[in-house]
Amino acid sequence: MANEACRHDWTIVDLQNGYLVTEGCTRCGRRASFFTLKDQPHLDTYMEGGHRWRFLASAQSTRFNLQCAKCGIKVELKNVIGLMLCTECAEDCDVLKLKDESEGGSTWIYVALCSDPMHENGVCVSDEEIRVLEEYFNGNIKSPGKRVRFAPCIRWKSVDVCQGDVIADVGMKEIY
Amino acid sequence: MNVSELKGKAELGLLNELFDREVEGVFISDMVSDIVAGVHAGNLLLTIQTHKSLIASANLVDVSAVVYVRGKRPAEDVIELANRAGISLFTTDQDAWKLAIRLHGLGLE
Ligand SMILES: [Zn+2]
Ligand SMILES: [Zn+2]
Ligand SMILES: [Zn+2]
Ligand SMILES: [Zn+2]
Numbered sequence: 001m002a003n004e005a006c007r008h009d010w011t012i013v014d015l016q017n018g019y020l021v022t023e024g025c026t027r028c029g030r031r032a033s034f035f036t037l038k039d040q041p042h043l044d045t046y047m048e049g050g051h052r053w054r055f056l057a058s059a060q061s062t063r064f065n066l067q068c069a070k071c072g073i074k075v076e077l078k079n080v081i082g083l084m085l086c087t088e089c090a091e092d093c094d095v096l097k098l099k100d101e102s103e104g105g106s107t108w109i110y111v112a113l114c115s116d117p118m119h120e121n122g123v124c125v126s127d128e129e130i131r132v133l134e135e136y137f138n139g140n141i142k143s144p145g146k147r148v149r150f151a152p153c154i155r156w157k158s159v160d161v162c163q164g165d166v167i168a169d170v171g172m173k174e175i176y
Numbered sequence: 001m002n003v004s005e006l007k008g009k010a011e012l013g014l015l016n017e018l019f020d021r022e023v024e025g026v027f028i029s030d031m032v033s034d035i036v037a038g039v040h041a042g043n044l045l046l047t048i049q050t051h052k053s054l055i056a057s058a059n060l061v062d063v064s065a066v067v068y069v070r071g072k073r074p075a076e077d078v079i080e081l082a083n084r085a086g087i088s089l090f091t092t093d094q095d096a097w098k099l100a101i102r103l104h105g106l107g108l109e
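Sequence lines, in order, name chains A and B.
Going by this note's numbering, the first sequence opens with residue 1, and the numbers climb by one from there.
Going by this note's numbering, the second sequence opens with residue 1, and the numbers climb by one from there.
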C-alpha cells in the first residue's frame with residue numbers, strides 16, 4: 001500500500017508507444033478497444049464466442065505507468081487504454097457532474113478509457129488509477145486556477161452521448 | 001520571455017486570441033503521445049499536426065502556446081477549442097529546425 005506520509009511526486013515510467021484499436025461486433029453492436037504494440041492488428045473480421053468483430057479504427061497512442069520519485073511506489077495504469085477530452089455531454093451525464101462539483105477556475109474533464117466501453121462486467125478504470133492521473137497532471141500544471149479531472153468511462157451516460165477528442169495520433173500518414 | 005514578446009521577436013502569425021503567459025522552453029513533436037509524456041508546463045510546442053487531438057493533449061500538459069510550422073493552419077473547430085483552453089496558436093512559414101535555431105538565439109532552450 002501507499003506510503004501514507006509521502007506527498008507523491010509522480011513521474012511517467014514504462015512508456016510504450018503503440019496503437020489504440022477499436023473493433024465493433026457486426027451482430028450486437030458491441031464495441032471494444034484495446035492497446036497493442038503491433039502495427040498490424042486483426043484487420044480481418046473474426047469470430048469470438050457469439051461476436052463477429054470487425055476492425056473500426058486504429059491510431060497511434062501511448063501507454064505508461066506512474067511511479068513516485070520519492071518513495072518509489074508504482075501505480076500500474078493497466079486498465080487505462082486511452083484518454084479523451086470531454087467536449088460534449090448530456091446534462092444528466094455523470095461525467096459532467098464532475099465539473100459541477102469543482103469550484104471556480106477552469107476545470108477540464110478527461111475520460112480515462114478502459115477496453116470495455118459497454119462495461120458488462122462492471123469493470124473499468126480503478127479509483128486509484130484515476131487518483132494518480134489527477135495527481136500527476138495537476139501537479140504539473142502551472143496556469144493559475146486550471147485543473148484537470150479524470151472520469152472512468154463507466155461514468156459515461158453512453159458511449160454515444162459523451163463526445164470528445166481522444167488523445168491519439170490520427171492521420172499520421174497524411175501529414176506530409 | 002512571454003508569448004506576446006515572442007510573437008514579435010520570432011515573427012509569428014497569430015491565429016486566434018492572444019493568451020499571454022510565460023514561455024519556459026521549447027518542445028518539438030508531431031506525435032501527441034510524445035507530447036503527453038514529454039512536455040513540461042509552459043513549453044512552447046512546435047508542430048505540423050493541426051488536428052484537434054493535439055489541442056486536447058496540449059491542454060492536458062499545459063503548454064504556453066502552439067506554433068504550426070511550415071505554414072500549417074488548423075481548422076476552425078481546432079481554433080475554437082484552443083480559445084476555450086486559453087492556448088495561443090501561431091503559424092510560421094519557417095520549418096521547425098530553423099525556428100528552433102532562432103528561438104535558441106532568443107534565449108529559449
Ligand atoms: Zn511517494
Ligand atoms: Zn456481438
Ligand atoms: Zn457525458
Ligand atoms: Zn470503462
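By construction, these hints were calculated from the structure, which means they are not laboratory data.
Among the hints, a few may not be true.
Calculated cross-link-like contacts (lysine-lysine; reagent style BS3-like; alpha-carbon spacing at most 25 Å) [to be verified]: (1) Lys98(B) with Lys7(B); (2) Lys7(B) with Lys72(B); (3) Lys142(A) with Lys98(B); (4) Lys99(A) with Lys70(A); (5) Lys98(B) with Lys9(B); (6) Lys7(B) with Lys146(A); (7) Lys146(A) with Lys99(A); (8) Lys99(A) with Lys9(B); (9) Lys70(A) with Lys142(A).
Remember, predicted model here, so these are calculated numbers, not experimental data.
Verification of the hints:
For the proposed pair Lys98(B) and Lys7(B), the alpha carbon gap of about 16 Å is at most 25 Å, so the pair holds. At most 25 Å may separate the alpha-carbon atoms for a hinted pair to count; Lys7(B) and Lys72(B) meet this at roughly 16 Å. Between Lys142(A) and Lys98(B) the alpha-carbon distance is near 28 Å, which puts this suggested pair outside the 25 Å criterion. Straight-line distance between C-alpha atoms of Lys99(A) and Lys70(A) comes to about 31 Å, which puts the hinted pair past the 25 Å bound.
Between the alpha carbons of Lys98(B) and Lys9(B) the distance comes to roughly 14 Å, so the proposed pair stays at or under 25 Å and holds. Simply put, Lys7(B) and Lys146(A) have alpha-carbon atoms about 24 Å apart, close enough for the 25 Å limit, and the pair holds. Annotation: proposed proximity of Lys146(A) to Lys99(A) holds, straight-line Cα distance about 12 Å (limit 25 Å). Distance hint between Lys99(A) and Lys9(B) is unfulfilled; the C-alpha atoms sit about 39 Å from each other, more than 25 Å.
Between Lys70(A) and Lys142(A), the direct Cα distance comes to roughly 21 Å. Compliance with the 25 Å bound is thereby established for this hinted pair.
Violation of the numbered hints given earlier is confined to hints 3, 4, 8; the remaining hints are satisfied by the structure.
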